Structures are given as structure tokens and as C-alpha cells.
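Work out the full structure, taking the sequences as your base and the hints as a guide.
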Amino acid sequence: MSKELIRLSNCTMAFDGEVVLDGINLYINDKEFLTLLGPSGCGKTTTLRIIGGFQTPTSGDVFFDGVRINSVPPHKRAVNTVFQKYALFPHLNVYENIAFGLRLAKTDKDGKRYKLSEKEIDQRVMEMLEVVNLRGFEKRHISQLSGGQQQRVAIARALVNRPKVLLLDEPLGALDLKLRKDMQNELKRIQQAMEITFIYVTHDQEEALAMSDTVVVMDAGKIQQIGTPEDIYNEPKNAFVADFIGESNILDGIMREDGVVEIFNRKFKCLDSGFEKDEPVDVVIRPEDVDIVPENEGQLKGTVTSVTFKGVHYDTIVDFYGFKWLIQTTDFCPVDSRIGIKIDPDGIHVMKKSHYSGMFGDYSSYSEEYEEISDASIDPEEEEQEDENEE
Amino acid sequence: MKNKISWLAAPYVIWMALIVVAPIIMVVIYAFTTAQGGITLDNFARMGTYTVIFTRSFQLALVATIICLLLGYPLAYVMAKEGPGFQRIAMVLIMLPMWVNFLLRTYAWMAILENNGILNNFFEAIGLFDLINGIFGTDLTYFRMIRTQGAVVLGMVYNYLPFMVLPIYSVIIKLDHSLLEAARDLGANSALVFRKVIFPLSLPGVLSGVTMVFVPSVSTFAISRMLGGNNQMLLGNLIEQQFLGGAYNPYLGSAIALVMMVIVIVCMVVMNHFGEGEEQAVML
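Same order as they appear, the protein sequences are chains C and F. Residue 1 is where the first sequence starts when you use my numbering, and the numbers rise one by one after that. Residue 1 is where the second sequence starts when you use my numbering, and the numbers rise one by one after that.
Calculated from the structure, these hints are not laboratory results. Small disclaimer: the values here were computed from a predicted structure and weren't measured. It is possible that some hints are incorrect.
[What the hints assert, rightly or not] Cut-off 27 Å, straight-line C-alpha distance, at most; resulting in silico cross-link-like pairs (BS3-like, lysine-lysine):
#1 C/269 x C/353
#2 C/115 x F/196
#3 F/196 x C/106
#4 C/112 x F/196
[Unchecked claim] Here are some of the chain C residues that sit facing chain F, going by a computed Cβ distance under 7 Å:
#5 74
#6 83
#7 104
Glycine included, C-beta positions come from ideal geometry on N, C-alpha and C.
Quick look at the structure:
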């Protein structure tokens, strides 16, 4: 790809002795769409705020275009931010919100102060309104806009300054699912059209996979894996990444030799190599990589314990020797039926053991997990109600 | 709004009707009647006589309000920006005088500002008068501070400053911090963040502060009588005289009160029009 633009070198951040970021090393290329992905509290927003200049790392360095910018304040960085709750100025209309940055005096290369002409401001604001599809809204008040429209204004307000890098802090978090999908495409389109670097923070793995050139998976203040969406999905580095990105069955295995891994005392062919002989490993098998076959033809044999219709496929939970797997299949297998499964070598991914081993990838508590998911879907509504009350 | 518990507001509604609405109606009726009971506009015709007092009242109230704003805004701003420790101490210091009786506070100022009061005695003691007399050849023995317009304004500022500080403070402290970060992100330095975001968004607080200082200042009679003496009579004193003083004429008094009220309302409407668009106007 193209040249490196931002580098975080061994960045550590601690608040009151509590370490939030732990030795982050990361470089970001020009014109790249990079996503910081992780659960809440993993340090992704802090990383973004360090790049934006709102926080100075406790130790470590931040470089922009090769220049150390640790102590450069936000207003002097060629970086603009789209804030989580948009942070639009309530006293200004759409036009003036977008023009905010343009109206401020600029400093040119020779250090001379100058202001943009009213004509140029107008031209750039109008151009930006076009980009975000908000032509005709310029006189509107912020409070008269829907969430999706506010979102677009926030993006336009940042982009109109032609930053080298746009930072986006969970910008789609407050939107409903449909709108979120539309905005994902929109953002990707804008990023490609404007040819600038996007650094995007989210906890939504689907969003990360769909939009990014590079995904940085974070947990507990540390980077767990950096790679393309395909890499992250197909070759997760540890149980945390495998579990966080998509669904996965994670089993204990023993690497007998290159290309052969043993699970439940049966040998499976795989494509992985480079492990010690007889090294204990974590084995990831994605639910969609499992083929259901008649019981007597299967590499493993098990009993179906639950089936959930998901539209495209069935989520089938199968008990293999006491360990429950999630299998996504278009074949309906009734509960209590005996089935066999086959796994192709490229459907098996072997990982080194890590401190995340054994924490994820078992679907024996599947129904509880569903309850959690349905609980979570109640929360946003409650939040909305609170918001309405505040208004 | 129809609500099952709306009857809970009934006591207050009755209270308002009896204690606020009814007297205002009385004032309006009195203003348009004579002692004999006939309807007249004479009470308003006599208003011209008191132009000086009207002008002085609004002038002094305006000056006091401006001084309160100039003193109060920076204080409110610093309070909102400082840590909770500073906030608590500052808040106590602002509220402390309000726990002392209003008249007592103003009497204290009398004792300080008298011709032979505390301040003049202090100047005497440090030899200020001797010094001035030596230089200018005058024979000053005291500064005339009490019974001046300055003393009246001082009394207004002293008594009403908290009403300016508190609403401004409560608006600034509630400002969404991400707005300030957004402004910085877009290239504004601290001064510009203040001018372009903090100040415009604090205007609702300024507006209610100005209202809460200006209205009691323009109608005060205790401060002007105690610190202004007879030569700095304000509208409040004029009205008081019509009801309690020798010039007993409640009809004229009501007319003056009504005119004052209308002027104040017009001022407020104009001001509120200024701050239109600040939906989150915080009225305390």
C-alpha cells in the first residue's frame, strides 16, 4: 500500500495508576481505512484520543508524517474527529456548523495568518453538503435533524477542513440497524472519493469487517491482532480474536505433526504447521465450515440439542462428547437426532495457547447467551426513553 | 397537560391566583380610577413630573446590572472550570451574605460608608486626607460616599451579584464537554473556543442573570433609602410614598407601578428576543 502516516510507538496510558493502554505499537498508512475494534474498555477510544490530541500518552511517542506530535494541541493537528454523539453546536445551523472550522483563521506554510473568503467558504460548505447528501438542509437547526442527518453534518463538519486523517469514534452507534448499514456504505464511499485516511473505532465486528482495509483487534489495553478483515477472520491469533470476530467453536487440541491436529482423540488434517510436536493448542472451527453427514460417515458423531431458524440458515447446537458446538447449516436436523460431521482441512485453524484459552468458544451456555442478547436489545430503547425524558 | 396528579398543583395555583394575580388586577384597577371611584387617565398624565426618577431608576439599575455581569461572568466561568473543591468554597462565599438579613447587610454598608464611618476613619488613620490636603490645598476631612448614586449602585451590586453568578455558572457547568473538544478539533484555540462556543451557549444564563439583577434593582426602595438618602429617590421610594408616606395616593402609586412593570416587561421581551434560538434557556 502507500506510505506510513501515523505511528504510535510503545504508547502507554494510565489514569490514576490504572493502565488503560499498554505498550501500543501501531502504524497507519496514508489513505487507509483502519478500524480499532474491541469490547468497551479495551482502550480503542483512548488510542483515538491520543491521535486526536485530546490525551497525551503517559509514555511512548506519537508520530505524524515522521514528526513527533506528543505535545501538539488538537487545533494544530491535521486531523479531524467525528465524535461519538456528534457534538454539533446547538447554537448554529447546519451551514454554520460545517463552516465552523473554515471561518477560523488559518496559518499558511510561512506562518502567515489568513482567512478564507466568504465565497470560498460557501463553495466548500456547499460541496460538502453535496457529498453527504444534505443539500437544502443548510438553514435547518440541529435539533430539527434526525440522528442520521446529524451524523452526516458531523462528518461534513470534519471533512470540510480537508484533514489528512479523519477519526471516527463509534459514529454509527446511535443509529438503527438499517440506517447503520446505509451509513457504512456511505462512509466507505466518502473515504474512497476523498482519498483520506479513516481511523474508525467500533465494537461492532461486522461493521469492522465490512468497511476496513485493516482491522486492529484490541482487548485490555493491548493489541491482540492487526490484519486485513480476511486475516482476522480466517487466521485469528488467539481465542479472544476468534471469539470476538464472528462465531467460533474453540476446542482443545494437540498438534501431532505439521498438518495433523488431534481433537477428541481423533486426528484431523489441517493446513497449519510450525508447532512443536505434541504441543497443546486451541483449535478454531467456524460454524459454517462444518458439513453435516449421516452419522456413520462422520469424523465426529453427536446429538442435536437445539435448533434455531435464522432465515438463511439454522443455528444447530450439537453435543459431541459433552462439548457443545454451534453449526450453521441449511439442512434441518431435528433435536435429539444423531448426526455426523466432516470438516475440510481448510476449515480447521490452529492457534497457540494464550491466557484466553478456555474462556471462549463453548456453546453449552448457548441459550443463556441468547438471553443476554435479547436483554441487550432492550437497553437501547431504555436509553432512548431517558433521552426523551431529558428533552 | 392532562395528568392524574395535576391536582397536586392546585394549592400553588390557588396561591398564585390570590397572592399574585389578584393584586395585579387591583393595581390595574387602581391605576385607572380616582379616589371618587371614577375612571380616569389623570394618574398617567402626572407621570411626566417623575421623569427624573424614572430615568434615574433605570439608569442605576442598568449600571448595577452591567457591573454585576462584568464581575459575575468571569467568576462563574472560573468556578465552572475549577475543581469541585474550589467550587464548594466559592459557592459558600457567594451564598454566605445571603444568610444575613438583607436590611442588616445594608445597614452594615451604611456604617462603612458614613461620613464618619469605618472607611473614612480608616483613611483618616492612614493619613490619606492630610496627604491630599497637603498636595491640593483642600481641607478634606472625609469622602462623601453615602447618599450618592455610587453608594446605591454598590448596594445593588452587593446584594444581587449572586443572582448573576449562579445562573451563568449552572449553564456553563452543564455545557457538553465534547462541544469544546469539537471546537478545538476544528482548529479553535482556547480564546476562540470561548468566543465561538462557550459564550454563545452561556447566553441563556446571562439572560436570566440579567433579569434577576435588573428587576429587583429597578424596583428597590430599601437600598436607595438607606444608601441614597432623600436626594437619590428611586421608583420604589416614589411608590412607597404613595402608599405609606405623607403623599398618600394609592391611585397614582398604582399607575407608577404599572408603568414600571410595562417598561420592565418590554425590556425583557426585547432581551429574550435577542437570545432566541437558545432553546435550552435555563430559567432558575
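Requested in this report: Verify the proposed pairing of residue 196 of chain F with residue 106 of chain C, using a straight-line Cα cut of 27 Å.
Outcome: Roughly 16 Å separates the two Cα atoms, so the pair holds.
Query raised in the report: Keeping to a limit of 27 Å between CA atoms, is the pair of residue 269 of chain C and residue 353 of chain C held or broken?
Result: 19 Å, holds
Query raised in the report: Is the interface hint for residue 83 of chain C satisfied, with its Cβ closer than 7 Å to some Cβ of chain F?
Result: Where the cut-off is 7 Å and the nearest Cβ of chain F is about 5 Å from residue 83 of chain C, the hint holds.
Query - Satisfaction of hint between residue 196 of chain F and residue 115 of chain C, Cα-Cα up to 27 Å - result: Holds - the C-alpha atoms of residue 196 of chain F and residue 115 of chain C are around 16 Å apart, at most 27 Å.
Query raised in the report: Against chain F, with CB atoms and a cut of 7 Å, does the hint on residue 104 of chain C hold up?
Result: It holds, given that the least Cβ distance between residue 104 of chain C and chain F is near 5 Å, below 7 Å.
Report task. Mind checking the CB of residue 74 of chain C against every CB in chain F and telling me if the closest is under 7 Å? Result -> 4 Å, holds
Query raised in the report: Under the criterion that the straight-line Cα-Cα distance not exceed 27 Å, is the pair residue 112 of chain C, residue 196 of chain F satisfied?
Result: 22 Å, holds
Violated hints are absent here; each numbered hint is respected by the structure.
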